[in-house]
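Trainee: Sequence:
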Amino acid sequence: MKKIYFAGSIRGGRDDAAIYKLIIDLVGSLGCQVLTEHIGLKTTTSMGEASRSEKWIYDRDSAWLKQADGVIAEVTTPSLGVGYEIAKAEAWDKPVLALYRPSRGQKLSAMVAGSPGLKVCEYSDVSELASPIKNFIDKL
Numbered sequence: 001m002k003k004i005y006f007a008g009s010i011r012g013g014r015d016d017a018a019i020y021k022l023i024i025d026l027v028g029s030l031g032c033q034v035l036t037e038h039i040g041l042k043t044t045t046s047m048g049e050a051s052r053s054e055k056w057i058y059d060r061d062s063a064w065l066k067q068a069d070g071v072i073a074e075v076t077t078p079s080l081g082v083g084y085e086i087a088k089a090e091a092w093d094k095p096v097l098a099l100y101r102p103s104r105g106q107k108l109s110a111m112v113a114g115s116p117g118l119k120v121c122e123y124s125d126v127s128e129l130a131s132p133i134k135n136f137i138d139k140l
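Number 1 in our numbering belongs to position 1 of the sequence shown; there are no gaps in the numbering.
Read the hints as simulated data drawn from the structure, not as lab findings.
Careful: at least some of the hints might be erroneous.
Pairs of lysine-lysine residues, derived as DSS-like cross-links and limited to a Cα-Cα distance of at most 27 Å, are as follows [unchecked claim]:
(1) K139 to K66
(2) K107 to K94
(3) K134 to K94
(4) K139 to K88
(5) K42 to K2
(6) K3 to K119
(7) K55 to K94
(8) K55 to K3
(9) K107 to K2
(10) K134 to K42
(11) K2 to K119
(12) K134 to K66
(13) K42 to K139
(14) K94 to K139
(15) K42 to K107
Being a predicted model, the structure only gives us computed values, none of them experimental.
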């Protein structure tokens with residue numbers, strides 16, 4: 001079973017949590033284990049993160065990222081953490097698929113859009129993601 005690290009904004013804003021959940025469910029339906037399912041929850045406090053140190057969260061997430069076969073990152077909501085995770089994944093030669101909704105009026109970071117090491121997929125509705133996500137997973 002392929003392992004996917006899903007990245008989405010947590011501290012940068014949780015407005016897209018419902019979208020993250022739909023994407024995570026889609027990835028799971030394709031037979032993958034999503035190591036970071038909690039990203040799709042309305043709040044991450046159910047993971048016990050409120051009582052954990054920053055270092056503990058960093059170590060846990062780094063371990064998940066290292067064991068992942070690939071990374072799928074929803075990058076519409078700017079997030080320092082997601083950018084950091086993408087950079088780590090690239091440094092560790094992990095394939096990265098960045099999902100972006102341009103209709104929100106925000107421009108995608110040039111560091112993401114211009115990176116030759118990752119694939120950017122623009123979409124307006126989650127229903128458009130089944131094929132690009134399946135293609136990404138099939139190539140892992």
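Trainee: A separate judgement is required for each hint: does it hold in the structure or not?
Mentor: Each hint tested on the structure:
Proposed proximity of K139 and K66 is supported: the alpha carbons are some 18 Å apart, at most 27 Å. Proposed proximity of K107 and K94 is supported: the alpha carbons are some 24 Å apart, at most 27 Å. Straight-line distance between C-alpha atoms of K134 and K94 comes to about 17 Å, which keeps the hinted pair within the 27 Å bound. Taking the CA atoms of K139 and K88, the gap is near 20 Å; set against the 27 Å cutoff, the hint holds.
For the given pair, K42 sits about 25 Å from K2 by alpha-carbon distance, which is consistent with the 27 Å threshold. For the hint linking K3 to K119, the alpha-carbon distance of about 18 Å falls within 27 Å, and the restraint holds. Restraint check for K55 and K94: the C-alpha separation of about 23 Å stays at or below 27 Å, so the hint holds. The suggested pairing of K55 with K3 holds, with an alpha-carbon distance near 23 Å, which does not exceed 27 Å.
The hinted pair formed by K107 and K2 fails the criterion: a straight-line CA distance of about 31 Å is larger than 27 Å. In summary, the hint linking K134 to K42 is supported, as the alpha carbons are separated by about 25 Å, within the 27 Å threshold. Annotation: proposed proximity of K2 to K119 holds, straight-line Cα distance about 18 Å (limit 27 Å). At most 27 Å may separate the alpha-carbon atoms for a hinted pair to count; K134 and K66 meet this at roughly 21 Å.
Taking the CA atoms of K42 and K139, the gap is about 31 Å. The hint is violated against a cut of 27 Å. For the given pair, K94 sits about 12 Å from K139 by alpha-carbon distance, which is consistent with the 27 Å threshold. Our distance criterion of 27 Å between C-alpha atoms is met by K42 and K107, whose separation comes to about 25 Å.
Checked against the numbered hints given earlier, the structure breaks hints 9, 13 and satisfies all the rest.
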